[in-house]
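When you get a sec, could you build the whole thing from the sequences and use the hints?
For the protein sequence lines, the chains are S and H, in the order given. So my numbering is basically just the index in the first sequence, starting at one, shifted up by 53. So my numbering is basically just the index in the second sequence, starting at one, shifted up by 53.
What the hints contain is simulated information worked out from the structure, not anything from laboratory work. Just so you know, not all the hints are guaranteed correct.
If chains are identical, the list can't say which one is meant, so a pair holds when it fits in one copy or spans any two.
Straight-line distance between alpha carbons at most 25 Å, and here's what the computed SDA-like set of lysine to any residue pairs gives [what the hints assert, rightly or not]:
#, residue 1, residue 2
1, K167, S190
2, K198, S220
3, K183, E116
4, K183, L169
5, K247, P222
6, K83, D62
7, K83, V219
8, K142, F184
9, K83, M224
10, K55, D111
Given the structure is predicted, the values throughout are model-derived calculations rather than measurements.
There are 2 protein chains.
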Amino acid sequence: MKIAILIYDGFTALDAIGPYEVLSCLPGAKVHFVSTEPGPKRAHTNFLSVMTDYALNDISDPEIILVPGGTKGTMVAAEDPRILSWLRKAHETSKWTTSVCTGSLILGAAGILKGLQATTHWYARDFLQKFGAQYLSERVVRQGKIITAAGVSSGIDMALQLAKEVSGPEMAKTIQLIIEYDPKPPFDSGSIAKAEPSIVQLANQAAQEAFK
Amino acid sequence: MKIAILIYDGFTALDAIGPYEVLSCLPGAKVHFVSTEPGPKRAHTNFLSVMTDYALNDISDPEIILVPGGTKGTMVAAEDPRILSWLRKAHETSKWTTSVCTGSLILGAAGILKGLQATTHWYARDFLQKFGAQYLSERVVRQGKIITAAGVSSGIDMALQLAKEVSGPEMAKTIQLIIEYDPKPPFDSGSIAKAEPSIVQLANQAAQEAFK
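Okay, structure coming up:
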């Protein structure tokens, strides 16, 4: 099970690491962190680097592709012809092509979401249409072999659904127990439908800053 | 807000990255990934390296300490005198000393949990007593300034609770919305109290393998 997780400067670490932790438990999984060239890539907060061991062209036929989101850096990645052409090529033969958060904008820029329903971080919901996709306000959206997830933490839910598709419900439930995913958020403020308007406004301001 | 996240070979990436994504949003947060010496550190799956920018001694007075868990590598880290003496010293002046998953075994080995209630990954629950701590089967356990969280994904819940303590509920709710943490696991299999016995057995076998 060859898995490629795209990494680029400015990616959001949890977008990638949530699903990685789930997918790395799949039987026979080999997870490859790939970037335009191997080496350290900085997360959007600038507090952290992840090393990638592989260049894009080292991993040409992944069964699962995962594209994490980010803030400004995602907009740069979504215009990088090396990333877009690798994605288009890898998508031709992938069994699953997935994104978390604004990673769907990179899929969109590669032309992969044209005419499809998809999701993304709530802040970026208007950006998706630019790529011919129809935004759905759902945590995980599946269209054939393409699965897009909403903001940041939603990648964990998406990966567990994918684990079920790939290896069956018994394995997916086992992985859920291994990562002890029995969430108990202290508030019910994790979606714009549930958060108080003042909280939505604060989060919106923070997101605006992050994309500047 | 000086935050130190301990990294060592064999750490579980989501243990560290879940809380990091939350805590890095705190006003004035500076997150430092620290290890015995700066450089790449391998996650327990061997699929991933995280770069640390700081040696332990570069960060001597963090306000928040976070210790992630792992499998075999955690047992090695829990016997590393450089890590234990740094932890003891940093804990003297920290405002918050926290762990995720088997990270609590490292806190325990440093003598920090003696006589206290604490939690850890369900698989490691019997190990905690060795360090004079009393295991509680809860997702997050607070004892004064010490907060321990259960397995892997529980660090996100812990960090949101900590965000509330540090910066108030409005900020914590805003961060929850920024990371769109509105969890919808496809199964209810995230704790040993809820998972089917056959799933507990499978997860137990996988954990045994991982600690070999």
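Hint numbers not upheld by this structure, sorted from lowest to highest: Structure breaks hint 3 only.
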